[in-house]
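A.B. asks: Line by line, the protein sequences give chains A and B. First residue of the first sequence? That's 1 in the working numbering, and the numbers climb one at a time after it. First residue of the second sequence? That's 1 in the working numbering, and the numbers climb one at a time after it.
Read the hints as simulated data drawn from the structure, not as lab findings. Don't be surprised by glycine CBs; every beta carbon is placed ideally from N, CA and C. Some hints could be false.
With a Cα cut of at most 16 Å, we get these calculated EDC-like pairs of lysine to aspartate or glutamate [what the hints assert, rightly or not]:
1) A:Lys71 - B:Glu394
2) B:Lys313 - B:Asp136
3) B:Lys183 - B:Asp242
4) B:Lys183 - A:Glu149
5) B:Lys105 - B:Glu360
Which residues of chain B face chain A? A few of them, derived with a C-beta cut under 8 Å, are [unchecked claim]:
6) Asn73
7) Leu102
8) Pro103
9) Asn185
10) Phe189
11) Met258
12) Gly259
13) Pro383
14) Leu386
15) Ala398
16) Asp404
17) Val405
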Amino acid sequence: MFSRLSLKTRNALIGLLLVSPAVLLFAVFVYRPLIHTGILSFYDWNMVSPTKTFIGWENYVEMLESSTLFKALANTGSYATWLIGLIILLPILATAGMTYIGKRTRKVYRVTLFSPTVVSLGIASVMWLWVFNPIGGLLGTIFTKVGLEPLNWLSAPQTALIAIIIIVGWKAFGYNLLLIVAGLGGISTEIIDACKVDGAEGVKLWIYVVLPLLSPTIFFIFISTLSMSTEYVFTPVHVLTGGGPVNATTNIVFEIWRQAFRWFRVGYSSAIAISVFVVFLILMIIQMLLSEKVVSYDER
Amino acid sequence: MRKSLVLFLVIAMVGIAFPALAEDVVTIEYWHINSATLGAKAVEESIARFEELNPHIKVIGRFQEGDYGGLLNNLQTAIAAGNPPAVAQVGYNFRLFAFEQLPHKPIADFAAIDPEYDDFINSFIDGIVELGQDADGLQRAIPLAISVPVLYYNADLFRAAGLDPDNPPQTWDDLRAAAKAIKDNTGEFGLGIQVQPNNNWLLQSMIESNGGWILDPTGAIGVNSPEVIEVFEMWQAMAIEDGSLPVVTDAEQEQAFMGGRLGMYLKTSAAMKTIANQAGFELRTGQFPAWGDKERRLASGGNALFIFATDEKQQQAGYEFIKFLSSKEGQTIWVEDTGYLPLVKGVQDDPKYLATYFAENPLTKAALDQLPSAVAWLPFPGPRGLEAEQVLVEAREAILNGADVAKELANAENRLNRILR
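Using the sequences provided together with the hints, build the complete structure.
C.D. replies: Encoded structure:
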């Protein structure tokens, strides 16, 4: 029967067959939970009771009136801004700096800067607890030695957010550094030599030639840092501050988790999750449209 | 072909029958929060001894991280997935939530089939078994652990500060003065108070000992009263004015105390074994301070055991296990490796059980002496009860960072009204 179909149809069927495992995985693990969450967002439920109460748009209305949620949103923005600055700009500068050092020292730097990436976030958080402890911790002792008052990093609203950013930045720095170094390796030396012949040197070379050629890598790092900043901060926040003090370190992902799994408000949490999904969807579409104009690939 | 088929069928039938010929071993899961530093050994010993006495039951202990809150998280998921543990520890502050929202097998159901049920219930010290009963008096769970807040202090730092370690502070005014003395004379912090990111256990003792209420016995919200304001003002003054109380997370406080950088630490008696093992100085314990001459009221920490299994055999096995843990022998194993207090009669003074242990461990005296002052750990009622805890946690965080006490407590009252109504 199969042999009686035209070549075109046969190829189409084979194509469908090969794609189906991926589609199935997506359907089961991504789309089905998504739809289920959407449905749950209209209910009031604690996940264990056999009865679910339908409450329509109430969860969404409550969301818009919640000051805690606005703080979480503001924090999410702060995390993203700081982290984009820290782990995109700094690795670029570091890589630029490393081109002026000898090969062996460069390797040492790369290993040292990359090593935090292999430590798990949970372990890293506990380690940093010792660094941040104002009573006898590393930073506390240094501050006292130079005559400054040690900071209550994790318990003061002003510094807690920064402490979490430092932990996540410290961990993710090496990963982005490696990506940029790899991206640099993908730039053909002929282009660089040609530009050098035309007179581009040092900083000018970097700004007008290297960075534009690196733009696919930078674009990728930008997107991944954006999503990383919402997810990665969860572990240190969960282990060290519990979202506090006074909601200084909570972010949207932590709120979703907290509402559902700490306080058993599955419906409300689903409403927040769906709203976040919609917002990110819109952001993604904008990024896609922009990338046509901002990113330059070698083919042009 | 026929011969091999017959042979195959015979082997298959024997293979199927074989497990049925074996002894019927029931395997149950026991969920607990006892980490290596807080009673894991006691759990292992209890399980081993229980299995010795009950060879047809196998118990698998599963540690849940994140304290009682973390265990409750995982419990929720397990129940939703249809795979609950047979027995689990539920913190007393979550007991109302568990009574009303989590499907479980009430202990009272076993009264009909266990001839020893009445003796079992009567074996507990007065007032304890009620912790496992709901508002109608139905016995749903069995209390396992009781702890009270005690004052741990560093005798070496006391002497260095010019204080007498044999006379620890008895009132909050004395405590404040002692903390200040330690800070002024030794440079180290004077007092730490146990805090948690998601509950108000120690705060409740501070408030109720001053005659105030978070929720009074009628259920009215009492956080905006002069007694509660006084408690927070004292706390804030020690942190900000005196500088004798560090504003840090509990983990950092504990690190500091065990490292000899904190003079006194108000914490649960359950941590006694851990602190005693790690303190590199002369450790002493004293009673929780009183407000002037007002009577102390100390929220008892700990947990009660619930049966969550839906299978009858597992429920029965779980009940047997709970009975063992509450027996004199079970309580002895439990108390010796933690800092929890015995809940059943006849164990404390009996040399066959715990009399020698208490005689040889003077650190336990403070907790034991305070047991008569123990009151129930307050759970917030209703479906949003768990969220209500957060309100006071945030008020405390704001106040310790300098916010106006009266304003914060008025705000807390409003938020609690909204959440609990």
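A.B. asks: Among all the numbered hints in the text so far, which are the ones the structure does not match?
C.D. replies: 2, 5, 9, 11, 16 and 17
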